[in-house]
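Residue numbers (our numbering), protein chains in the order written: chain A, 1 to 233; chain B, 1001 to 1233.
Do not take every clue at face value.
[To be verified] Covered by chain B, according to a simulated footprint, are these stretches of chain A (three or more residues, beta-carbon under 8 Å):
| no. | stretch |
| --- | --- |
| 1 | 15 to 21 |
| 2 | 119 to 128 |
| 3 | 151 to 157 |
| 4 | 203 to 211 |
[Claimed, not checked] Computed beta-carbon distance windows for the label pairs:
| no. | chain 1 | residue 1 | chain 2 | residue 2 | range |
| --- | --- | --- | --- | --- | --- |
| 5 | B | T1207 | A | R40 | 38 to 46 Å |
| 6 | B | H1067 | A | Y222 | 37 to 45 Å |
| 7 | A | T66 | B | D1068 | 49 to 57 Å |
| 8 | B | L1081 | A | R189 | 33 to 41 Å |
| 9 | B | H1067 | A | I161 | 28 to 36 Å |
| 10 | B | E1071 | A | G53 | 48 to 56 Å |
Don't read these hints as lab results, they were simulated from the structure. Just so it is clear, CB atoms sit at the ideal spot from N, CA and C, and this is done for glycine as well.
Number of protein chains: 2
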Amino acid sequence: MSKVIGIGVGPGDPELITVKAINAIKRCDIVVVPVSKIGRSSIAFDIAKQYIGESNTVLNQLFPMTHDKKELEKNWDENTLEIEKLVKSGKTVGFLTLGDPSFYSTYMYLVPRLQAFGIEIETIPGVTSFSAVAASENIKIGEWEEPVGIVPLKGEGETLIDALDKFNNVVVMKPTHNLELLYNEIKKRELEDNFVLISKCSTDSHTVIKDVEELKDAKIPYLSTMIIKRTGL
Amino acid sequence: MSKVIGIGVGPGDPELITVKAINAIKRCDIVVVPVSKIGRSSIAFDIAKQYIGESNTVLNQLFPMTHDKKELEKNWDENTLEIEKLVKSGKTVGFLTLGDPSFYSTYMYLVPRLQAFGIEIETIPGVTSFSAVAASENIKIGEWEEPVGIVPLKGEGETLIDALDKFNNVVVMKPTHNLELLYNEIKKRELEDNFVLISKCSTDSHTVIKDVEELKDAKIPYLSTMIIKRTGL
Chain A
1 MSKVIGIGVG
11 PGDPELITVK
21 AINAIKRCDI
31 VVVPVSKIGR
41 SSIAFDIAKQ
51 YIGESNTVLN
61 QLFPMTHDKK
71 ELEKNWDENT
81 LEIEKLVKSG
91 KTVGFLTLGD
101 PSFYSTYMYL
111 VPRLQAFGIE
121 IETIPGVTSF
131 SAVAASENIK
141 IGEWEEPVGI
151 VPLKGEGETL
161 IDALDKFNNV
171 VVMKPTHNLE
181 LLYNEIKKRE
191 LEDNFVLISK
201 CSTDSHTVIK
211 DVEELKDAKI
221 PYLSTMIIKR
231 TGL
Chain B
1001 MSKVIGIGVG
1011 PGDPELITVK
1021 AINAIKRCDI
1031 VVVPVSKIGR
1041 SSIAFDIAKQ
1051 YIGESNTVLN
1061 QLFPMTHDKK
1071 ELEKNWDENT
1081 LEIEKLVKSG
1091 KTVGFLTLGD
1101 PSFYSTYMYL
1111 VPRLQAFGIE
1121 IETIPGVTSF
1131 SAVAASENIK
1141 IGEWEEPVGI
1151 VPLKGEGETL
1161 IDALDKFNNV
1171 VVMKPTHNLE
1181 LLYNEIKKRE
1191 LEDNFVLISK
1201 CSTDSHTVIK
1211 DVEELKDAKI
1221 PYLSTMIIKR
1231 TGL
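Kindly generate the complete structure, drawing on both the sequences and the hints.
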């Protein structure tokens, strides 16, 4: 039966995709690749392309990078409609997601919209960026019975500051939103030896920052993740 | 060169293992399977066994379920020594980890010990139980710019209660530690429609609980994960 399959393809290394994701890609008639600009490359596509066969059609869907909720919702509605037509015509549609669909993915905004059309959904989990960051440094994120805060950096960082006060283990998503704040918090809390920031983890552009002074470099890519562990990495 | 490879094999479904983990298993001379009692079955082994070939030797290592830190450290030291001898004799040793090594894995306690012997370490991330739980229900854990708390339930649940106060999105690890507390918090906060508990996610024994009254059933397995989302699943 035709349906939509949300496919987590992992953090970047094409080997960090699951067998289930590969098999799902092969089952799809259409593979949707979300892009922030038409013509822009997609890491999710780069991971999946070796598993996409001649029987799969690739469909780029535009998801602009904006915080305007009204514009986003209009965009999600339009992309949902396009997918709905394909499914109703009998196609199985895969939707690629970098990392894992349950953490901050665009795909999850389409799910309730597709379900409202009565479309069957399957979701395939993937390896998250933060698990890949920790593995690449052989460090743990959660240990013993300690909680972990996973915090997207936004605004003036109030949520992050609160998490740093409370939790020994914090994952900072979107750290480039305010690198100056991170620099200041790390210095103030004397956590210079207790953090790692990795950009484009597990891809060919994998970059590691452990020197707090390097956070002043404005060229750190958007696709970055930081782990801060108060008790040491 | 001989080394130790920590291998995240994912949450339970043998298809939710990564290509990198499969390739790593094939490269190992010895595959260590941690077990809590000799003779007890291991879900990590059940996932990996189809990828373990004739050239791999399986070594069960005992890791008793105890909270006695002295006993645990003695055990970690002993198991480290056994692995160290194998590596020094030229063997590449894989260490299987259910889920992802960076979240509450036994393997990570061995890493600094092995590194102290100068042993090279590689860690391969895996799909976590909580990502698998969310995917199986087609729900998101983190969305928009909201933080997520990942909280192992322990003691009287102070950390969990605090996380429920602060965070819209909470993953409860080890929920069977105190199901009565979870029942009471869910009722008090009127979150009856906002949680899911899944046991042995993605295995043949995958069980879903969404009715709060079922939390009173004492037979819920240890390998369970709960997601609570204050704004709805």
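Practice task
Kindly confirm whether 33 to 41 Å is satisfied by the beta carbon distance between B/L1081 and A/R189.
Solution key: holds (37 Å)
Practice task
Could you say whether the range 37 to 45 Å given as a hint is met by the Cβ separation of B/H1067 and A/Y222?
Solution key: holds (42 Å)
Problem - Given coverage of the stretch 119 to 128 of chain A by chain B, tested with a Cβ cutoff of 8 Å and a minimum of 3 residues - result: Coverage by chain B holds here, the residue count being 8 at a Cβ distance below 8 Å.
Exercise for the section: Given the range 48 to 56 Å, decide if the beta-carbon distance of B/E1071 to A/G53 lies inside it. Expected result: This hint holds: roughly 53 Å between Cβ atoms.
Exercise for the section: Would you check chain B against the stretch 203 to 211 of chain A, counting CB to CB pairs closer than 8 Å, and say if three or more residues qualify? Expected result: violated (count 0)
Exercise for the section: Take a look at whether the Cβ-Cβ distance between B/T1207 and A/R40 falls inside 38 to 46 Å. Expected result: holds (43 Å)
Problem - Verdict on chain B covering the stretch 15 to 21 of chain A, where coverage means 3 or more residues with a C-beta closer than 8 Å - result: Holds, because 6 residues of the stretch 15 to 21 of chain A bring their Cβ atoms closer than 8 Å to Cβ atoms of chain B.
Exercise for the section: Look at the Cβ atoms of B/H1067 and A/I161 and judge whether their distance stays inside 28 to 36 Å. Expected result: holds (32 Å)
Exercise for the section: Confirm or reject the claim that A/T66 and B/D1068 have a C-beta distance inside 49 to 57 Å. Expected result: holds (53 Å)
Practice task
Mind taking a look at whether chain B covers the stretch 151 to 157 of chain A? Criterion is 3 or more residues with CB to CB distance under 8 Å.
Solution key: holds (count 3)
The structure does not agree with numbered hint 4 stated previously, though it agrees with all others.
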